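Trainee: These are the residues of each chain, in order.
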Amino acid sequence: MMKYLKLHTIFIKQDLKKLMEYKVDFLLGAVGFVLTQAVQILCLGIIFAAIPALCYTENGVVVDSWTFHEVLFIYGFSLIPKGIDHLLFDNLWGLGYWIVDKGDFDKYLTRPVNSWFYVLCEKFCVDAFGDLIVGIALIIYSLCAMPSDIAGAINWLRVIPVLVVMPFAIMIFTSIKTATAAISFWTKRSGHITHMCYMTNEFAKYPTKIYNTVVKTLITYILPFALTAYYPAIYILRGESFWSLPVTIFVSLTLFGISQLIWHRGISAYESAGS
Amino acid sequence: MTKLIRIYKPFTRAGILEMITYRVNFLFFLLGEIMKCFVMFFVWKAVFDSSDSSTVYGFTYDNMVVYLFITFLSGYLTYSDGSYVIGKEILDGSIAMRMIKPVDFDMCFLFQELGTKIMQFLMIFLPITAGVEIYRWIVNGTPMLDFVMLLLFLFSMLLAYGINFFFNLSYGFLAFYLKNLWGTDIIKGVIVDFLSGATVPLAFMGVFGQVLSYLPFASLSYTPVMIYMGMYSFKEIVFYLGLQIVWLCVFVLISKLILRSAMKRLVVHGG
Amino acid sequence: MDSNNIMIQVKDLRKEFKKAVKEPGLKGSFKALFSPKYEVVKAVDGISFDVHRGEIIGFIGPNGAGKSTVIKMLTGILTPTSGECRIDGRIPTKNRKEYVKEIGVVFGQRTQLWWDLALRETYMVLKEIYEIPDDKYQARMTFLNEVLELDGFITSPVRTLSLGQRMRADIAAALLHDPKVLFLDEPTIGLDVVVKDSIRKAIQKISAESGTTVILTTHDLEDIELLCERIVMVDKGKKVFDGDLSELKRRFGQMRELNFELKNIDDSEKLCYKDDFNFSDDDLTLDIKGTSVNVRFNSDTVSVEDMLSYTLKRVHVKDINVKDADIEEIIRRLYLGGGMLSD
Numbered sequence: 004m005m006k007y008l009k010l011h012t013i014f015i016k017q018d019l020k021k022l023m024e025y026k027v028d029f030l031l032g033a034v035g036f037v038l039t040q041a042v043q044i045l046c047l048g049i050i051f052a053a054i055p056a057l058c059y060t061e062n063g064v065v066v067d068s069w070t071f072h073e074v075l076f077i078y079g080f081s082l083i084p085k086g087i088d089h090l091l092f093d094n095l096w097g098l099g100y101w102i103v104d105k106g107d108f109d110k111y112l113t114r115p116v117n118s119w120f121y122v123l124c125e126k127f128c129v130d131a132f133g134d135l136i137v138g139i140a141l142i143i144y145s146l147c148a149m150p151s152d153i154a155g156a157i158n159w160l161r162v163i164p165v166l167v168v169m170p171f172a173i174m175i176f177t178s179i180k181t182a183t184a185a186i187s188f189w190t191k192r193s194g195h196i197t198h199m200c201y202m203t204n205e206f207a208k209y210p211t212k213i214y215n216t217v218v219k220t221l222i223t224y225i226l227p228f229a230l231t232a233y234y235p236a237i238y239i240l241r242g243e244s245f246w247s248l249p250v251t252i253f254v255s256l257t258l259f260g261i262s263q264l265i266w267h268r269g270i271s272a273y274e275s276a277g278s
Numbered sequence: 049m050t051k052l053i054r055i056y057k058p059f060t061r062a063g064i065l066e067m068i069t070y071r072v073n074f075l076f077f078l079l080g081e082i083m084k085c086f087v088m089f090f091v092w093k094a095v096f097d098s099s100d101s102s103t104v105y106g107f108t109y110d111n112m113v114v115y116l117f118i119t120f121l122s123g124y125l126t127y128s129d130g131s132y133v134i135g136k137e138i139l140d141g142s143i144a145m146r147m148i149k150p151v152d153f154d155m156c157f158l159f160q161e162l163g164t165k166i167m168q169f170l171m172i173f174l175p176i177t178a179g180v181e182i183y184r185w186i187v188n189g190t191p192m193l194d195f196v197m198l199l200l201f202l203f204s205m206l207l208a209y210g211i212n213f214f215f216n217l218s219y220g221f222l223a224f225y226l227k228n229l230w231g232t233d234i235i236k237g238v239i240v241d242f243l244s245g246a247t248v249p250l251a252f253m254g255v256f257g258q259v260l261s262y263l264p265f266a267s268l269s270y271t272p273v274m275i276y277m278g279m280y281s282f283k284e285i286v287f288y289l290g291l292q293i294v295w296l297c298v299f300v301l302i303s304k305l306i307l308r309s310a311m312k313r314l315v316v317h318g319g
Numbered sequence: 092m093d094s095n096n097i098m099i100q101v102k103d104l105r106k107e108f109k110k111a112v113k114e115p116g117l118k119g120s121f122k123a124l125f126s127p128k129y130e131v132v133k134a135v136d137g138i139s140f141d142v143h144r145g146e147i148i149g150f151i152g153p154n155g156a157g158k159s160t161v162i163k164m165l166t167g168i169l170t171p172t173s174g175e176c177r178i179d180g181r182i183p184t185k186n187r188k189e190y191v192k193e194i195g196v197v198f199g200q201r202t203q204l205w206w207d208l209a210l211r212e213t214y215m216v217l218k219e220i221y222e223i224p225d226d227k228y229q230a231r232m233t234f235l236n237e238v239l240e241l242d243g244f245i246t247s248p249v250r251t252l253s254l255g256q257r258m259r260a261d262i263a264a265a266l267l268h269d270p271k272v273l274f275l276d277e278p279t280i281g282l283d284v285v286v287k288d289s290i291r292k293a294i295q296k297i298s299a300e301s302g303t304t305v306i307l308t309t310h311d312l313e314d315i316e317l318l319c320e321r322i323v324m325v326d327k328g329k330k331v332f333d334g335d336l337s338e339l340k341r342r343f344g345q346m347r348e349l350n351f352e353l354k355n356i357d358d359s360e361k362l363c364y365k366d367d368f369n370f371s372d373d374d375l376t377l378d379i380k381g382t383s384v385n386v387r388f389n390s391d392t393v394s395v396e397d398m399l400s401y402t403l404k405r406v407h408v409k410d411i412n413v414k415d416a417d418i419e420e421i422i423r424r425l426y427l428g429g430g431m432l433s434d
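Protein chains in written order, with the working numbering: chain A, 4 to 278; chain B, 49 to 319; chain C, 92 to 434.
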């Protein structure tokens with residue numbers, strides 16, 4: 004394990020050095036990511052200007068509602084586990100898009116290192132700072148701007164279990180990326196499948212209750228991105244859905260197991276490239 | 049004209065073949081992208097449920113749903129990859145390979161992309177419009193499809209694609225000067241999406257939105273979508289189609305100008 | 092032979108790939124859209140051989156013969172469809188992580204170094220990956236430095252290295268952990284004569300001093316002549332030759348070359364070797380450029396004496412000479428003739 008940490012540190016240092024070398028590119032990329040989020044938030048602002056709060060109704064009766072600031076908090080929170088996964092484990096995208104297709108996976112197999120971990124740690128994706136900065140800014144802003152009766156009701160001790168569960172939430176992203184990227188061992192390319200599954204996390208940025216049963220089930224149990232965003236965020240805000248925290252650990256470990264299984268099967272099916 | 053078609057037909061063919069080869073990738077990718085529409089589908093539902101009135105900024109809920117999906121459709125079909133591909137070729141120098149062939153390389157590119165667009169059209173136009181029309185039928189109780197509007201919509205989309213193509217071509221040529229593609233491309237994408245009404249309908253933005261509707265960005269996606277939805281009167285349709293044609297000419301001209309000045313630079317590089 | 096002495100043992104190794112078949116053109120593409128067809132390609136079709144400790148063997152064959160596939164199975168990258176390979180008693184795909192510590196791999200076509208890292212830092216990363224102790228690392232670096240002359244560019248980022256420098260750097264990277272077996276897949280591809288020479292010398296020296304077993308694939312026949320004690324040749328997934336260079340020449344070396352100048356340019360029509368001796372297409376090539384004539388023929392079919400007397404009887408010549416087949420000619424024939432020479 005120490006070996007892996009050491010390796011990861013070397014690559015992180017390296018990518019940070021590179022960042023210094025290509026300052027402008029990094030800056031433009033980060034500005035792009037921040038801008039993407041900013042426009043979406045602006046869009047949220049425009050939407051909320053027309054309504055007092057976002058409501059979930061059943062048969063015309065309001066069952067639950069979220070203020071603009073609560074939605075912003077959930078939105079901001081959703082960017083944290085996603086951003087950390089993006090920061091540390093982004094190289095999996097490359098696997099499905101070109102590494103396997105070009106036969107470049109060979110080199111990962113000729114080293115005495117766990118091939119999965121080796122792929123993961125080879126790249127440190129600094130663009131993710133865009134996500135993380137926006138996420139943290141939104142959380143701070145929404146908490147400050149919230150009416151004091153909502154903010155005052157928050158029990159800050161709830162942050163502790165959420166922090167405990169956070170690594171498992173990050174692992175949900177990593178496992179889904181791993182499992183779908185490993186499909187490329189059979190099909191050469193699978194980046195588009197990763198993309199399809201990954202985009203499901205867009206649902207997680209908003210209160211899960213507003214979706215119908217199909218979507219709710221999908222994002223809670225199958226591609227459980229809601230466990231990385233709405234549930235922990237609403238737990239911090241209101242103390243609701245504590246059940247989701249142990250479920251997150253369980254689901255995350257299960258997904259991790261499945262993704263590792265697919266990965267190891269995939270390696271024996273790997274066909275390299277060329278003659 | 050026939051000569052033009054004869055010369056560039058192979059490029060269109062190559063585009064079609066490419067799309068066939070990557071059809072599965074494309075469809076999966078598309079499914080991922082359309083996810084955003086479904087997210088907003090539910091968000092807008094909650095928004096309309098939360099509102100006391102049945103319209104928000106003059107849009108009913110089913111207007112909004114149609115807007116979401118048709119914007120997605122037109123955005124996808126009129127999207128042009130030129131800025132990135134040409135920019136990349138300029139930066140790594142492989143553009144030289146295009147220059148040594150006795151054809152206009154912007155035309156090669158246009159015809160090749162047209163090939164992929166034909167295939168994309170066949171693959172996604174029907175399912176999405178059919179879905180939208182069935183939805184409208186169920187909600188309104190009567191079929192809403194208007195064939196004249198549909199034809200005008202298609203014509204407007206064609207113009208939108210042309211504008212998009214030459215706009216992106218011009219932007220791609222800027223790679224000669226910008227030296228960075230990836231970051232600036234993201235920034236450009238976000239700004240264009242916002243100004244063209246792809247994120248929020250321009251109608252929601254009041255006077256500011258009205259101003260935006262005259263800019264070329266609106267011609268990229270807002271105009272065809274509003275025509276499809278029947279939100280424009282006949283006079284407005286004529287006006288906005290005319291505006292699209294004007295913008296198309298402007299961008300053809302701009303791309304030619306940038307190309308000419310960029311070529312000089314390329315020669316200097318090569319010397 | 093003492094079984095302890097055997098480093099690599101390959102038994103009836105096979106690898107099959109499924110390949111999509113597509114008819115040409117737009118129509119074919121549409122057909123493939125609805126009913127994709129597959130065929131099974133036997134990339135490696137039952138190959139067996141042994142390699143002894145410390146041997147340098149040349150693994151050759153035409154493009155697509157399956158040699159890269161064999162190398163990739165031996166290095167644990169590909170899992171064999173059936174059959175077995177053992178290196179120092181280990182099966183590559185079983186317990187891969189432990190296994191690859193024993194081998195070093197260089198793919199000439201693509202670098203395994205980190206593009207943006209300075210070369211020295213690349214080696215530091217590898218030191219961590221292979222868990223090489225400090226003192227051993229120092230000693231090894233000194234040795235490799237001396238053999239491969241890395242000093243001049245060890246602080247440069249890999250992306251700035253020339254092809255020759257990069258290849259030397261790659262070979263050093265593969266040898267850092269003192270592997271028992273070194274796999275070199277086209278290590279001299281695209282290099283100039285001087286660099287090729289220095290790389291060959293380095294390989295020889297490394298093999299001699301560290302006792303490393305080397306498996307080398309190449310299209311460069313000089314590599315083979317200068318480095319390899321033994322040659323394994325594959326074609327269409329099968330082994331077609333296994334032996335040393337002199338045996339290859341003895342067995343397939345019947346091709347001779349006859350070169351001469353005609354005194355009279357019209358005489359060339361009088362030379363009808365093919366019809367008069369009943370040569371098959373494979374056994375004869377005749378090149379006439381103006382007055383200079385080049386005949387390559389199989390001396391098993393017609394003896395050199397007969398060819399000479401036939402020629403001299405028919406035409407007036409100046410400057411006649413007979414040449415032995417060189418290895419390049421043998422290989423060319425083997426490649427063109429396919430598996431027909433298999434035993």
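I should point out that these hints are in silico values taken from the structure, not numbers from a laboratory.
Heads up, a few of these hints could be off.
Said to hold, decoys possible - As a list, the in silico BS3-like pairs of lysine-lysine whose alpha-carbon atoms are at most 30 Å apart:
| no. | chain 1 | residue 1 | chain 2 | residue 2 |
| --- | --- | --- | --- | --- |
| 1 | A | Lys126 | A | Lys16 |
| 2 | A | Lys126 | A | Lys212 |
| 3 | A | Lys105 | C | Lys227 |
| 4 | B | Lys236 | A | Lys126 |
Only a predicted model underlies this, so the values are computations on that prediction, with no experimental measurement involved.
Trainee: Failing hints, ascending?
Mentor: 2, 3
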